[in-house]
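Input sequences plus hints: build the corresponding full structure.
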Amino acid sequence: MRRRVVVTGIGAVCPLGNDAATTWQNLLAGRSGVDYIRDFPVDRLRSDIAASVKGFDVGRYLSPKEAEIYGRVTHFSLAAAVEALREAGIVPIERAPAAEDEAERAGARAQGAPPLATAPASGLDRTRIGCLMSTGMGSVEIFEEQVARSAARGPRAVSPYFIPGVMPNGAAALISMRYGLMGPSYNLASACATGTHSIATSALMIEAGEADVMVAGGAEAATRLNTVAGFGNAKALARAVDGDPARASRPFDRRRQGFVMGEGAGALVLEEEQHALARGAKPLAVVAGFGMTTDAEHLTRPHSGGLGLALAVERALARAGTAPEAIGYINPHATSTPQGDAAEVLALRRVFGERLARIPISATKSMIGHLLGGAGAVETIAVVCSLRDQLLHPSINVDELDPECSLDVVRERRAVDLRHAVKCSAGFGGHNCALVLERA
Amino acid sequence: MTDKTNLLEMFKTVAARVDKREFPNVTATSVITELGIDSLSMMQIVGEMETELGIMIPDEDLVELITVGDLCKKVGERLEAIV
Numbered sequence: 001m002r003r004r005v006v007v008t009g010i011g012a013v014c015p016l017g018n019d020a021a022t023t024w025q026n027l028l029a030g031r032s033g034v035d036y037i038r039d040f041p042v043d044r045l046r047s048d049i050a051a052s053v054k055g056f057d058v059g060r061y062l063s064p065k066e067a068e069i070y071g072r073v074t075h076f077s078l079a080a081a082v083e084a085l086r087e088a089g090i091v092p093i094e095r096a097p098a099a100e101d102e103a104e105r106a107g108a109r110a111q112g113a114p115p116l117a118t119a120p121a122s123g124l125d126r127t128r129i130g131c132l133m134s135t136g137m138g139s140v141e142i143f144e145e146q147v148a149r150s151a152a153r154g155p156r157a158v159s160p161y162f163i164p165g166v167m168p169n170g171a172a173a174l175i176s177m178r179y180g181l182m183g184p185s186y187n188l189a190s191a192c193a194t195g196t197h198s199i200a201t202s203a204l205m206i207e208a209g210e211a212d213v214m215v216a217g218g219a220e221a222a223t224r225l226n227t228v229a230g231f232g233n234a235k236a237l238a239r240a241v242d243g244d245p246a247r248a249s250r251p252f253d254r255r256r257q258g259f260v261m262g263e264g265a266g267a268l269v270l271e272e273e274q275h276a277l278a279r280g281a282k283p284l285a286v287v288a289g290f291g292m293t294t295d296a297e298h299l300t301r302p303h304s305g306g307l308g309l310a311l312a313v314e315r316a317l318a319r320a321g322t323a324p325e326a327i328g329y330i331n332p333h334a335t336s337t338p339q340g341d342a343a344e345v346l347a348l349r350r351v352f353g354e355r356l357a358r359i360p361i362s363a364t365k366s367m368i369g370h371l372l373g374g375a376g377a378v379e380t381i382a383v384v385c386s387l388r389d390q391l392l393h394p395s396i397n398v399d400e401l402d403p404e405c406s407l408d409v410v411r412e413r414r415a416v417d418l419r420h421a422v423k424c425s426a427g428f429g430g431h432n433c434a435l436v437l438e439r440a
Numbered sequence: 001m002t003d004k005t006n007l008l009e010m011f012k013t014v015a016a017r018v019d020k021r022e023f024p025n026v027t028a029t030s031v032i033t034e035l036g037i038d039s040l041s042m043m044q045i046v047g048e049m050e051t052e053l054g055i056m057i058p059d060e061d062l063v064e065l066i067t068v069g070d071l072c073k074k075v076g077e078r079l080e081a082i083v
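Chains as they are written, first to last, in our numbering: chain A, 1 to 440; chain B, 1 to 83.
Worth flagging that the hints you see were computed from the coordinates, not collected in a lab. Just so we're clear, the structure is a prediction, and the values are computed from it rather than from any experiment. Don't be surprised by glycine CBs; every beta carbon is placed ideally from N, CA and C. Possibly wrong hints are sitting among the right ones.
Said to hold, decoys possible - With a Cα cut of at most 27 Å, we get these calculated DSS-like pairs of lysine-lysine:
hint, chain 1, residue 1, chain 2, residue 2
1, B, 20, A, 54
2, A, 65, A, 54
3, B, 20, B, 4
4, B, 74, B, 4
5, B, 20, A, 65
6, B, 74, A, 65
7, B, 12, A, 65
Claimed, not checked - Here are the simulated distance ranges between beta carbons:
hint, chain 1, residue 1, chain 2, residue 2, range
8, B, 82, A, 244, 55 to 63 Å
9, B, 62, A, 301, 45 to 53 Å
10, A, 122, B, 33, 26 to 34 Å
Structure below.
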């Protein structure tokens, strides 16, 4: 019998909250996390808005020195992973890596002792716990800062921590070191599908018997001058609508004009079902199936007929043994670009036919913007919460549904009897990934 | 600037900036590893001192640095070499 994969913990840092519960409540309330950019000059940029994380205290997780070594994307990854691992009971709450622990470890190091690992809860085999916390772009601000240092003061001023600081696998390394996780860990990058691919690949890892537990997800913190300029010059970014940044991200609306860059991280603890039940963990949802495909057509434009994404959803359904008719909710990629949304609707129509118009659908990006490498992870967490609470969050800013997108867009929080849901993501490069999630 | 006390003070200032913590009790005989400064941080401190003083310390001079005084001595030698 195939090993089944369940979700036993979730954690999030995002524009609507610095933990999963706050994020979920704000999603249900239909709040927007989008605002004007205030961190750098925006006067010559094509878009001046973003969805930023607010009030995040990295000092709860890292010493000042460590916080400087690792970029913001890694800070968010660690925080989300800590929350998910605590909820899953994989790490004992009392041993959580607060700043005091860090000070203790720094002291131990100063005395020549090896770094202390904050070990997993007793009885767990840490060689079978892995970590696929990924980022699509890595630590953009460290790159910007160190290039500027070199230009201003010469190459000797470049930090020796530049390389470990920018390497995209930094988060997976940090989380593994902190908890002594010795299973498979690395970074997987597929642009805006990164978070979803990390979950799918982690589920595959557990199904294949390579690990019993995986910390899976994605993160991004790329809202910096050069990235906003790059996406803006590609004409991919939205601007404030009628002077209101909160109305800019509007998937499936007739006036959609692009995405809003967001930042944050989502982490899920995935676990082999019997492993979870044996230790008394409570599954939040089941990762029943996944599908991964590629458009193989264009670097940035989605396949015009949605072929690659449709194939990913079909494979996810087939792997889950679930008929399209059983799907009661779709959390789409919903980039909010004119081409992206249209192609996604075509893809979904290929799979679900005319019934698509009657399947509830809501776009998390309408409120948190586009978390790029973190998008699929936080959006999957929203689906897990939907299955757990039997509630769907709304999709905001649909003032006038694009007639090409005939969908049952959830406009207000909706109570449902939900058993099976689909989450799909697509990324620059033509990478597609879809998940089928089931009520636990 | 080449005087030993000044270089020791400079080391403390730079080390505090790099490692984000104070080093009030450092003397020339302080052993670097006992201060909890790891090898990459040490290279960062050296890079900062080089950049600020406009010198370059060859890698072979950095092989057997045990104490803070060892580093200050190498820095002092390079400063004298350029005068």
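Unsatisfied constraints (hint numbers, rising): none
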